[in-house]
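Given next are the chains, with one letter for each unit.
2 protein chains.
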Amino acid sequence: MKPAILVRKLEELPIYASPLVDFIRLGLQHRALPLTSGQPAPEALPLEDLARLAPEALRSRGRKALLYGSNRGLGELRRALTEWQVRSGVLPEGLGDEEVMLTLGSQYAFDLICQGLIRRGDEVACDAPCYPDTWCTALRRGASVLPLPVDEEGLDPDHLEALLAGGHRPVLVYTVLHYQNPCGCSLSPSRQRRLLELAETYDFLVVLDDPYRMLALDGPPPCGSDRFPRLGWDTGRLLYLGSLSKVLAPGVRLGWLAGHRELVAGLAKLQEMSLISLPALDGLIVLEYLLSEGMTGQLSRMVRFLKERRDVLAEGLRARCLPLGCTLRVPSGGCFLRLELPDLPATPLARELAERHGVATVPEAAFWPPSQTPAPDRFLRLSFSWCTPEELAEAAERIARALEGRPR
Amino acid sequence: MKPAILVRKLEELPIYASPLVDFIRLGLQHRALPLTSGQPAPEALPLEDLARLAPEALRSRGRKALLYGSNRGLGELRRALTEWQVRSGVLPEGLGDEEVMLTLGSQYAFDLICQGLIRRGDEVACDAPCYPDTWCTALRRGASVLPLPVDEEGLDPDHLEALLAGGHRPVLVYTVLHYQNPCGCSLSPSRQRRLLELAETYDFLVVLDDPYRMLALDGPPPCGSDRFPRLGWDTGRLLYLGSLSKVLAPGVRLGWLAGHRELVAGLAKLQEMSLISLPALDGLIVLEYLLSEGMTGQLSRMVRFLKERRDVLAEGLRARCLPLGCTLRVPSGGCFLRLELPDLPATPLARELAERHGVATVPEAAFWPPSQTPAPDRFLRLSFSWCTPEELAEAAERIARALEGRPR
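Chains as they are written, first to last, in the numbering used here: chain H, 138 to 545; chain C, 138 to 545.
In case anyone wonders, no lab produced these hints; they're calculated from the structure.
The reader is advised that the hints may include incorrect statements.
A pair counts as met if it fits within one copy or between any two copies, since identical chains are not told apart.
Cross-link-like lysine to aspartate or glutamate pairs, in silico, EDC-like; alpha carbons within 16 Å at most [what the hints assert, rightly or not]:
#, residue 1, residue 2
1, 201, 295
2, 444, 149
3, 406, 480
4, 444, 185
5, 139, 340
6, 444, 399
7, 444, 298
8, 406, 445
9, 406, 159
10, 444, 492
11, 139, 186
12, 201, 492
13, 139, 452
14, 201, 445
15, 139, 534
16, 406, 235
17, 444, 334
18, 406, 213
19, 201, 452
20, 201, 185
Predicted model only: the values in this text are computed from it and were never measured.
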């Protein structure tokens, strides 16, 4: 029998379930083609390179790195990642060493930010629809969540301003800068400026999450010249998050956080108190990889990989679903297509697709925080990062058949 | 200029500084012999083995493990670690797969427990003196800390019972099971039983942290036959924490948590929400190491390494400091000696030793939570895991000289 305290504590566990997981699970149950996950398929990861470089990685720097390390991550790795991001035009030139820390992936970075900066009852505003882990984390850390609807140019500053004028006072505004999950949109330069102006006027911090930026499928990645990070850097209002999950390997838990040096120092201290230091072997091997291979080759392989898949899926859907009244939103980067439906809501179709047609997708409603009731449910998010081109063509066909079979 | 919100948020950051760090830093400043840290020196770590095994580790299992993984850690690694701990008599035979999860080291495991189980105002009781990160974590997660004095047999259940009878109601009692930091004591079997009885009567959970158990320097490691974990396993009141930090490498952030399967499931879910999954490369390489080398060789090397150093330091102190009125507490395992002083308090001596004699030590007071004022300050904690035998002999000599030079 469970002791009373265990029963009580289990009830109190601050768990917020992501509705996205339900659709991943449903797909697994029915052995459906998984158009659900944002992670790249294993064949896109540089496994052999990492394996080959690992011994030298450990031998050259392991003696020190196998000890407890810095709370901001291995110094050489931090510098290598920062330099790469500066060269790529993401982080500004002249960024100080103290303005960047490594974290255990950018999901953990956002959790760390929430742990540090949220007090019970604070408001956190975030993209809506949005990757559920964001608002689950904000809720779990005691915030209430304010949804900020996004359109083709990202979050709408007018909507945010109306909320602010109406008395809302978010401490953080979270947005995905490029190729947003699930919408595929990027925050336009003019909206970036507006967001920063609002941050000044209404005194909030902006978390820019940017895991997909390097996955630009139709040209060079957007760079920083007139972009938000550079523009806003000196205001002390930005927290910029980057990650290797989508470009190197999801299981290598390495991200970075850039921001005002005092805030970075505080968050690094929190990271240290929670987990002492970052995992040594992941860091050592990634550093060796960066120094000997660089990221250019892997990035162009990943981009080719994703572009081929996006195009196959888009073509299939265009040919088969547009005639059925759907609208297709094809992003210029990232991992996700949106198929907007003529008959709403999307959730029953997503269930039917998984259960009867063997295609797992996620409906829009799964991306809205619980504060939005009823949640808009206009599209299916279709990930093209996992399945083979053949599977994606087949998935498009099956989606069309499911739509054809539905009562209109 | 910093925006108002940043100024406010920086002030609010829930940082609790460990006083131990001050003494590590003081030692570094004065280039003192570091008898401050509990981590093994680099030459005791199996760097070459890990480097040699890394390519096979990645090639054999990397395809799957480089993706996002299970929230309880790589299944094969979890099973390999559990089987090793069962074979060693630490975890009970017949332990279910669902009763164990991997975590990012045991410091993170304790933080996770506090995040999940503490609500603001709860009490957490812990060994006193105690490794400061324990009570810093409890404080940071909103608890007040109740110190439980330890003696040669670990925490004193009579003292705990008096506190309970007096109305204190800790939700967690934290204790280090073997070779406690900083005292070197182990919780005796009879006290283990008393603690469990009190947990039943007063309805609390017990966190048994056990990172040093395998570092038994005078015989085989204590095993489970009449020990607490086995005794208490079925009560659902135990959370047992193990770690590879002291036996394999501190930088490899791998620990494990065993307990009631529902609580393990909840904590694993929290771990997932915070950091998605554990770092892949650390896990893969450690798994390969466990499967191909096992832990026996590394453990006996580590034990020989520590025993030689402990004996050199103890001998030096015995010869030079006992005649000056000190008492020496030599532990049968772990990394720390205690030198009890004839003239109190210990803190000024620790400062003088670092600044004027080039020996960094930590005084007892640094290990007491801030709720204990004034803190007892009767001994210096001397770590023997880092310095060479020659340095340890020299350190003993310098400590003696410092004592001789003090006004009596």
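Check each numbered hint from earlier against the structure, then list the numbers of those it violates in ascending order.
-> Hint check: 1, 2, 3, 4, 6, 7, 8, 10, 11, 12, 13, 14, 15, 17, 18, 19 fail, others pass.
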